[in-house]
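2 protein chains.
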Amino acid sequence: MNQTYINELKNHIGEEVTLKGWLYNTRSSGKLVFLQLRDGTGIVQCVVFKPNDEQLFESAKSLGQESSIIVNGKVKEDTRSSIGVELDVTGLEIIQNATEYPITPKEHGTEFLMDNRHLWIRSKKQHAVLSVRHTVVKATRDFFDENGFILADTPIFTPAACEGTTTLFEVDYFDDDKAYLTQSGQLYNEATAAAFGKSYAFGPVFRAEKSKTRRHLTEFWMVEPEMAFAQLPDVMNLGESLIKFIVKRVLDERRNELTVLERDVTKLEAILESDFPRVHYDEAVKILKEGFAKGELENDFEWGGDFGAPDETYISKQFDQPVFVHHFPAVIKAFYFERDAERPELALGADLLAPEGYGEIIGGGERAFDLDFLEKQIEAHNLPKESFEWYLDLRRFGAVPHAGFGMGIERCVAWMCGIEHVRETIPFPRLLTRLNP
Amino acid sequence: MNQTYINELKNHIGEEVTLKGWLYNTRSSGKLVFLQLRDGTGIVQCVVFKPNDEQLFESAKSLGQESSIIVNGKVKEDTRSSIGVELDVTGLEIIQNATEYPITPKEHGTEFLMDNRHLWIRSKKQHAVLSVRHTVVKATRDFFDENGFILADTPIFTPAACEGTTTLFEVDYFDDDKAYLTQSGQLYNEATAAAFGKSYAFGPVFRAEKSKTRRHLTEFWMVEPEMAFAQLPDVMNLGESLIKFIVKRVLDERRNELTVLERDVTKLEAILESDFPRVHYDEAVKILKEGFAKGELENDFEWGGDFGAPDETYISKQFDQPVFVHHFPAVIKAFYFERDAERPELALGADLLAPEGYGEIIGGGERAFDLDFLEKQIEAHNLPKESFEWYLDLRRFGAVPHAGFGMGIERCVAWMCGIEHVRETIPFPRLLTRLNP
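Same order as they appear, the protein sequences are chains A and B.
Each residue of the first sequence is one higher than the one before, starting from 1068 at the first, in my numbering.
Each residue of the second sequence is one higher than the one before, starting from 1068 at the first, in my numbering.
Worth flagging that the hints you see were computed from the coordinates, not collected in a lab.
Treat the hints with caution; some may be incorrect.
Copies of the same chain look alike in the list, so a pair counts if it works inside one copy or between any two.
What the hints assert, rightly or not - DSSO-like mimics (lysine-lysine), calculated; alpha carbons at most 27 Å apart, straight line:
1) K1205 - K1311
2) K1205 - K1143
3) K1143 - K1077
4) K1173 - K1315
Given only the sequences and the hints, what does the whole structure look like? Please build it.
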């Protein structure tokens, strides 16, 4: 008999089916045993009635949490169930009766759960978060594929640093050579955008930052679109469309998971309703200064500085929507930013701050067009010019205005799910002090 | 005026449009200049007629290869053109007149082209290969997403080796700790399959092999599906369906690119027509021995050995289709393979050999179920048991028969394109002696 999946049971009411999965939870009451069976697509209650088959009843009663079983039974409509059905069990095959499964329904500490991440991902909430991740990734890829972008993944091994070396992981390459793990594919994306017009990279990136915050992982996934013949407003338009596309998809396909996570979906629904505010850096500074004057911020933010987490949170709290801040001081941005023609102290960059304190989820802007300017920038930043000759070629041969951004997947997933820490948004998180399991 | 893309021009016959792109090639003849304009979506011939506008004519004539330009003109049907249209130029804006573009239409050596990979990808053939790659990746992801698999990407940083340490890249992690770059996400996939029923990982993997063959990269992309409640035949069924899905998609969407690459598409079309042969290792050995007897193979292959490239090529030449070889000797396979119940010296593994000498593109099988067996295997392979405790947990808590495979994307793309070397199938290849650009 073929396997039926739990998420398809609604189409099999009245039929005999075979389910294969694991015992999520169990309780018994007199002549009844209720098995909560999970198979990866959902959880269904399977009811064993003693008078039907005493031996089956005793077997069912003996099962420990996470035992692997094959259950035969008849699908019955059940309006009390969240999936609308339950199963009247007629047969049970025990593949393995598990005992002493370490993650019980009681509370566990974070370190214990992280040590058991390989099992923790079976839990309802973790399963929901990772299902949302699947949908965020799928939506992101579909968005770019449907909008004429060509996937051009950039290398993980890079010969030099894109934005400084202190936060780079070093790898022993062959013959005593050193390679560095990429922090961003952006410089390479500029080459692929000149080949494809619109391109994107989507892969893991690495930051050797000694940050122990709820927003940081040492290894995370980033999508980075790049467009030829594009400028700063195009970055904000594209970013806004992408976010709305993702939010809509998650709302359409992951309602059940958002319910499991107790996510306030009205906050996500609101994202789709209006335009994202776009705030000039000057204006953002004014907002922060007002916040300080009102006693709502500890520090008096000075023009020219970079936002800290409390600043980002304060700015985003002034709006219901995600908010773009644009035209940052060039000194706090990387060497490759295009400058504002009227106020060259400003970089044509834009960051998107997510609502609800989730911080920056998009960062990007327009890239410098001019060869001389870039050569001076590379010198001023003490970067090894030799390593950037190929990048400078992009300004020697067919330079065009171009722009793009990067979006971190884990922060986006955390925001969709409304969860506190990014470590739960990836199957096996890597942190400052964690390489296991 | 908004930008029109070259791949949409057919829908704009008779209209005035604006194209933005780069000069791919140019020639002039009397009062005419023919500009081959590329914009990443295609190439179109733009015709400048001197009597219409002398200044425009002189500008057009002055342009060097890969100059960046904006061209206005009227779309005209042209049956001689491969895209069915050409452009009568009415306006030309030069963004940058490029001179001395290093990659000219003449022949260049491979090392030179690889040094200029950031520009080489603009060439017709490279553009075609990377477009096919885009479609192979998209098809692969769609296949798994449409078949109920959940994307669960596995970590790049791993604490220990999955299959021996000699081919691992070592990374300095924090506090003098060492991490290793993943060679395969498989062990982790076994955990995610137990959470999701069916899962897949799709990311870069790394092999520090000192191999300088046309089939090897140090960094490449691999897709790895894993299924709970699945066995060896399921691996072959899934692999065959995947390959056919990819081939069909490439034929449907990349005909033009295959033409550019002069690919014999009848060889790909044939893939869709019949079932893939499935050959027992014993049978494969017989084929190789016959090949040696006929003088078509240099070595007399002995039962128990692993196939070399000439062996793989010889086996695959006996069939028109990709061919699965299954039931390998356990000694040549990794520790985690399930054994054949009747002949425990055989591992329940299956490799798919691509036709036309492209070698193994899928490798997988059924994973060992039994805790005691695996503990002994880990000991026999001198692996540090401590590092595998989490993996052994998967046999302690709800073990089920499960199986999966890995498919290397670059070899698959090389095969689709009919090209010789995998280094052209990825935007920025990383090889034993190449980390640049």
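Legend entry - 27 Å Cα threshold - placement of K1077 relative to K1143: within (9 Å within a copy, 55 Å between copies)
Inset, instruction - Using 27 Å as the alpha carbon limit, work out where K1173 and K1315 are close: within a copy, between copies, both or neither. - result: Neither. Shortest intra-copy (34 Å) and inter-copy (50 Å) distances fail the 27 Å Cα cut-off.
Legend entry - Same-copy or cross-copy closeness of K1205 to K1143 [CA-CA at most 27 Å]: neither (33 Å within a copy, 39 Å between copies)
Legend entry - Same-copy or cross-copy closeness of K1205 to K1311 [CA-CA at most 27 Å]: both (14 Å within a copy, 22 Å between copies)
Of the numbered hints listed earlier, those contradicted by the structure are 2, 4.
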